[in-house]
Amino acid sequence: MSLLRYESQVREPLVDGHKTYHDVTEDICKPVEAAPSRLWWIGFIISVALLLFGVVSLYKEVVYGTGMWNLNKTIGWGWDITNFVWWVGIGHAGTLISAILLLFRQGWRTGVNRAAEAMTIFAVICAGQFPIWHMGRVWMAFFVMPYPNTRGPLWVNFNSPLLWDVFAISTYFTVSLLFWYSGLLPDMATLRDRAKKKWAKAFYGVASFGWSGSTKHWQRHESLSLVLAGLSTPLVLSVHTIVSFDFATSVIPGWHTTIFPPYFVAGAIFSGFAMVQTLMLVTRKVMNLQDYITISHIENMNKVIVLTGSIVGCAYLTELFMAWYSAVKYEQDIFFKYRIAGPYGWSYWLMMTCNVITPQLFWVKKLRRNIAFTFLMSVVVNIGMWFERFVIIVSSLYRDYLPSSWSVYYRPTIWEVGFYLGSFGLFFTCYFLFSKYFPVIAIAEIKHVLKKNGESYKEQMDPIEAQTVEEFAKEHVHAH
Amino acid sequence: MSVKKFVVGCFDDEKTLFPAVKNTRKAGYKIHDVYTPFPIHGLDHAMGLRDTSLHTAGFIYGITGTTTALTFMSWVFTKDWPLNIGGKPNLPLPAFIPIVFELTVLCAAVGMVLTFCYLCQLAPFVRKDHFHLRATDDLFVMPIEITDKTNAEEVKAFFKSAGAVEVFEKSAETGWWLGRYDSTKKAFEKEEEIVTA
Numbered sequence: 000m001s002l003l004r005y006e007s008q009v010r011e012p013l014v015d016g017h018k019t020y021h022d023v024t025e026d027i028c029k030p031v032e033a034a035p036s037r038l039w040w041i042g043f044i045i046s047v048a049l050l051l052f053g054v055v056s057l058y059k060e061v062v063y064g065t066g067m068w069n070l071n072k073t074i075g076w077g078w079d080i081t082n083f084v085w086w087v088g089i090g091h092a093g094t095l096i097s098a099i100l101l102l103f104r105q106g107w108r109t110g111v112n113r114a115a116e117a118m119t120i121f122a123v124i125c126a127g128q129f130p131i132w133h134m135g136r137v138w139m140a141f142f143v144m145p146y147p148n149t150r151g152p153l154w155v156n157f158n159s160p161l162l163w164d165v166f167a168i169s170t171y172f173t174v175s176l177l178f179w180y181s182g183l184l185p186d187m188a189t190l191r192d193r194a195k196k197k198w199a200k201a202f203y204g205v206a207s208f209g210w211s212g213s214t215k216h217w218q219r220h221e222s223l224s225l226v227l228a229g230l231s232t233p234l235v236l237s238v239h240t241i242v243s244f245d246f247a248t249s250v251i252p253g254w255h256t257t258i259f260p261p262y263f264v265a266g267a268i269f270s271g272f273a274m275v276q277t278l279m280l281v282t283r284k285v286m287n288l289q290d291y292i293t294i295s296h297i298e299n300m301n302k303v304i305v306l307t308g309s310i311v312g313c314a315y316l317t318e319l320f321m322a323w324y325s326a327v328k329y330e331q332d333i334f335f336k337y338r339i340a341g342p343y344g345w346s347y348w349l350m351m352t353c354n355v356i357t358p359q360l361f362w363v364k365k366l367r368r369n370i371a372f373t374f375l376m377s378v379v380v381n382i383g384m385w386f387e388r389f390v391i392i393v394s395s396l397y398r399d400y401l402p403s404s405w406s407v408y409y410r411p412t413i414w415e416v417g418f419y420l421g422s423f424g425l426f427f428t429c430y431f432l433f434s435k436y437f438p439v440i441a442i443a444e445i446k447h448v449l450k451k452n453g454e455s456y457k458e459q460m461d462p463i464e465a466q467t468v469e470e471f472a473k474e475h476v477h478a479h
Numbered sequence: 000m001s002v003k004k005f006v007v008g009c010f011d012d013e014k015t016l017f018p019a020v021k022n023t024r025k026a027g028y029k030i031h032d033v034y035t036p037f038p039i040h041g042l043d044h045a046m047g048l049r050d051t052s053l054h055t056a057g058f059i060y061g062i063t064g065t066t067t068a069l070t071f072m073s074w075v076f077t078k079d080w081p082l083n084i085g086g087k088p089n090l091p092l093p094a095f096i097p098i099v100f101e102l103t104v105l106c107a108a109v110g111m112v113l114t115f116c117y118l119c120q121l122a123p124f125v126r127k128d129h130f131h132l133r134a135t136d137d138l139f140v141m142p143i144e145i146t147d148k149t150n151a152e153e154v155k156a157f158f159k160s161a162g163a164v165e166v167f168e169k170s171a172e173t174g175w176w177l178g179r180y181d182s183t184k185k186a187f188e189k190e191e192e193i194v195t196a
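Just so you know, the sequences run in chain order A and F. If you count the first sequence from 1, position 90 lands on 89 in numbering that gives the first Met the number 0, and the numbers rise without skipping. If you count the second sequence from 1, position 32 lands on 31 in numbering that gives the first Met the number 0, and the numbers rise without skipping.
No wet-lab data here; the hints were simulated from the structure. This one's a predicted model, so the numbers in the text were calculated from it and none came from an experiment. Any given hint might turn out to be false.
[Said to hold, decoys possible] Distance ranges between label pairs, derived from CB positions:
hint, chain 1, residue 1, chain 2, residue 2, range
1, F, P123, A, G344, 50 to 56 Å
2, F, A171, A, F142, 51 to 57 Å
3, A, A34, F, E165, 29 to 35 Å
4, A, R10, F, D79, 55 to 61 Å
[Stated by the list, open to error] Calculated from the model, a selection of chain F residues having no Cβ within reach of chain A, i.e. all distances over 12 Å:
hint, residue
5, S1
6, K3
7, K29
8, E168
9, S170
All residues carry an ideal CB built from backbone N, CA and C; glycine is no exception.
Using the sequences plus the hints, can you model the full thing?
Laid out in structure tokens, this is it:
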């Protein structure tokens, strides 16, 4: 049985350098086994400090009520729901990379899927905080669950998109966690078998669930990954679709549009990939993983960013067109008087610049492969996507049907901002812990593609490339 | 669960592993298992393992989720607490789609992962005997059980001729026990002590 398979030289290797299986293990496990660097401690302490600020802000909110936030009569969803939608959107890239790209047989997912999935899980945890604490009386949060209660039982409203959200986000979180952790088991076993320290043996021993690498187990593991990918693919699309229903099923001008589900999903992938880029560019540099997360990985993600950014741009223009074409006065007023102009006009144009205009620069190959530019763009895109949600929520709410209650301006209080900063703290605390104690790249999956797509194996294609068709046929085509 | 004796052959390349597996079966030895650091496609068939039916289990769990969500919401809205919302139908099927879908996915995923863990006997604090520490790094480890009918020396020579880079004998517990990887305590140590006493 020949393991040599022809693959075109046009496709760049997924793993750079002349690696053996053992080199892969060494490269990925070494940063996990080394003591945390000073840079790691600085980052970690800043994250924990932000997290603590978030805790204090939430303490204020719980004790004194949502009045601590500057939400008012018409702007009932301000920063809080903006942050919720923003974080959920970011939490879309991981499962997209691990599930949809698995189904499409995109080999390059192996370099980034582990960290992207971890990022997804942390982002969904952050997202979940916002609607929960927004309830005000957070100790009643369990009322959203349909359990037999002494109030009738009075059931939750299964027709409400807000309840669909509860189901969608909790399911998404659970399935992403299971998908991520089942993929982690073999790599935790690798760390367990390499562990020298007592705590590491104990920790990775427990965390690897006693994984042995048996062929039968691998066979089941492959089947499990494939089915979970198949389930996660419609799931990841459904989650942001349902989040968009929170808006689209209402009758508020500017929200009441059928374009929302695809528009939100594209936006989610857009911001999610941008966040993956932000994290990956730093991670690969600090942890010395440039051979596994190569420039071609970065370029691939930038291609996804320019595609989804353009879809989002089309959606913005479609919205404006439909507002004009509908001939509904309220729709037209929201879009043309209060959204692209008016006191919040600046946020609309900031969104347009960050999401639609600047990402178009990624059509240039040189810029797609430029690390500094990619890093800058990844931050710009996420600023733009935050403002997209802010524009949708606030500009539709600040002038409602009753002119007497129009709010002139909405400014968040320090505790509203603190909650947002706290969610950053939570996210980065989790990410710092993950990158220190867990393998940030799927070791087993890299080994699986190493012989097909690694640099030293791709070089074996060189003599084949030089052959004529007749020579190739003589050597490789056998009568079966 | 019991301690058995094995001759273990370790290979470092798929190119030698596949013929070795084939020849081992041809020679009539029973392969206990092959431990690999990553999934090797085709190895399960080379070893004569049957396909897994885990995905069928996943389908059944999914269908369970679908029917649970559908029947429960229909019961709530038509029997238990019918509400007249602006004269709209009591059984709004399109509005059920999101929750029915989410519950299908949730049940299928959770059920499959639990089944997977049960079948492979994986759980936190489960401890197993592993034949070689590099089986999760870069070695393909194939143990063959030694009974009174097999000659250990013969198996060793066979492994060497098949291209194994490392061959050794090892007694190992084939089951699992509750324990941690930082302790050297073995399975059923206490029972053995009682027997010898």
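Verdict on S1/F as a residue remote from chain A, using beta-carbon distances over 12 Å: 17 Å, holds
query: Per the stated criterion, does the least C-beta distance between E168/F and chain A lie above 12 Å, as a non-interface residue requires?
result: 19 Å, holds
- prompt: Regarding A171/F and F142/A, is the given constraint of 51 to 57 Å on their beta-carbon distance met?
  reply: 53 Å, holds
query: Is it the case that K29/F keeps its Cβ farther than 12 Å from each residue Cβ in chain A?
result: 14 Å, holds
Outside-interface status for K3/F - nearest CB in chain A farther than 12 Å: 15 Å, holds
- prompt: Is the Cβ of S170/F farther than 12 Å from every Cβ of chain A?
  reply: At about 16 Å from chain A, S170/F clears the 12 Å cut-off, so the statement holds.
task: Note whether the CB distance of P123/F and G344/A lies within 50 to 56 Å or breaks it.
output: 55 Å, holds
query: Would you say the C-beta atoms of A34/A and E165/F sit inside 29 to 35 Å of each other?
result: 32 Å, holds
- prompt: Taking the beta carbons of R10/A and D79/F, is their distance inside 55 to 61 Å?
  reply: With Cβ atoms ~58 Å apart, the hint holds.
Checked against the numbered hints listed earlier, the structure breaks none of them; every hint is satisfied.
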